[in-house]
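Residue numbers (the numbering used here), protein chains in the order written: chain Y, 1 to 272; chain Z, 1 to 235.
Hints listed in this document are in silico derivations from the structure and should not be mistaken for laboratory results.
Some clues are possibly wrong.
Below, simulated DSSO-like cross-link-like pairs (lysine-lysine); rule was C-alpha separation at most 30 Å, straight line [stated by the list, open to error]:
1) K218(Y) to K92(Z)
2) K220(Z) to K176(Z)
3) K220(Z) to K218(Y)
4) K102(Z) to K122(Y)
5) K218(Y) to K102(Z)
6) K228(Z) to K171(Z)
7) K67(Y) to K220(Y)
8) K50(Z) to K171(Z)
9) K220(Y) to K102(Z)
10) K67(Y) to K102(Z)
11) K89(Z) to K50(Z)
12) K220(Z) to K89(Z)
13) K159(Z) to K220(Y)
14) K179(Y) to K218(Y)
15) K89(Z) to K122(Y)
16) K245(Y) to K67(Y)
17) K196(Z) to K50(Z)
18) K102(Z) to K50(Z)
19) K228(Z) to K50(Z)
20) K51(Z) to K92(Z)
21) K67(Y) to K239(Y)
22) K89(Z) to K18(Z)
23) K165(Z) to K51(Z)
24) K89(Z) to K165(Z)
25) K92(Z) to K122(Y)
26) K181(Y) to K218(Y)
27) K220(Z) to K220(Y)
28) K220(Z) to K196(Z)
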Amino acid sequence: MAGAMDLPAKGGFSFDLCRRNAMLAEKGLKMPGFRKTGTTIVGLVFQDGVVLGADTRATEGPIVADKNCEKIHYMAPNIYCCGAGTAADTEAVTDMVSSQLQLHRYATGRESRVVTALTLLKSHLFSYQGHVSAALVLGGVDVTGPHLHTVYPHGSTDTLPFATMGSGSLAAMSVFESKYKEGLTREEGIQLVSDAICAGIFNDLGSGSNVDVCVITKGKTEYLRNHQLPNPRTYASSKGYSFTKGQTEVLSTKITQLKPKVEIAEGDAMEE
Amino acid sequence: MGDSQYSFSLTTFSPSGKLVQIEHALTAVGSGQTSLGIKAANGVVIATEKKLPSILVDETSVQKIQTLTPNIGVVYSGMGPDFRVLVRKSRKQAQQYYRLYKETIPVTQLVRETAAVMQEFTQSGGVRPFGVSLLIAGYDDNGPQLYQVDPSGSYFSWKASAMGKNVSNAKTFLEKRYTEDMELDDAIHTAILTLKEGYEGQISSNNIEIGVIRSDREFKVLSPAEIKDFLEEVE
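I would like the entire structure built from these sequences, with the hints used as guidance.
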């Protein structure tokens, strides 16, 4: 019985099956698709912290798979992460790093730092050489101040005052480039983020439905799920419909007088 | 694990059916500083002496009571370094459980997994049993719970228990004082009094540690100021 301790798993992607997959694809086998989020995700730094925003549509090719999914993921009480790309990859990688951050917090007794989350994410993504298709906007406030970063699937990162990712990033970035300034207030920040996401929702097919916002400041985080619902679903109302007068075209009118046709007959009153 | 010369288990049975290494491990526990735990109706309290080898040691750097998950805490009697290893492993297991089931780990599950680790070290090659007994206190959907885990890997659920140097006196004291419907604040007072019984010297807010978990399910280690308040109430 050798070894009480588990050997650490040899990390990294196992390329064993890639050759087989390539051969099968050549033979004409259609690879199963995976759900890509299509997406508009944004973040900006304002006066007291960071604001993150995301749309809520998840697409599977041309089909909307989820009309109200959550793209802003919890990393730590003071750090949140928006994810674009393959939904399973963004979920799995943010859950994994969130778990690692919790263990780190217990070991150090301190609040997690955004750069820690950033480094854990980029190391993981780099070791998988871009096969983990997760493009993230990571934001949070820690003891060193507010931070906003973007992380690309191959493992590179940027540090920015405002950032957008996803298929709707150009639409959202155009809003940021024209309206962003330093020292925004909380209300201005939320408004600008909502505007940017709405630009993505209305101008990009891969983004849609509602706007999720997350405001992170020193000591407080507010997750505003469905902050805006610019695409309400209308269902058949059980109360029935009301039509305004003139909505229906009248083809002909015939008036029949009923009063001359009425017969008044004397009779017994109805029994109670 | 490494050297094949030690791939046999060092924990072997004696002719009388005992595992002598585990007995010795329990002796190591028995010579450690006293720790105790009390399960109240609305929470659990665990406490321990914090006797430092010299007045020059910075007591703020020593923390004997540790948090495993937001709603589970642990204290020990025995060897500090062995305790640290177990805490690290238990925290990791709690996180793995959450990743797998998306449910915060129930107290019994964490106790079971920690006990399984301790048992592994009594039946593996080239390792020795842990020289600690743990008192795990938690509050989950099954209410407040208190468990003791021994170096052999056996675990028991207690209403109140003590371990370490002064175990027999402490247990007798607890047996007398324990009531089923005790409130948590009473339990904290009782814990302090029990520690006081066996303490050589004067107890103060700097040489004991107390951890509590109430119905809010947040495990907290009390600060020296909070301990001071409780001490004053007890006087």
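Which of the numbered hints above does this structure break? Violated hints: 13, 16, 18; rest satisfied.
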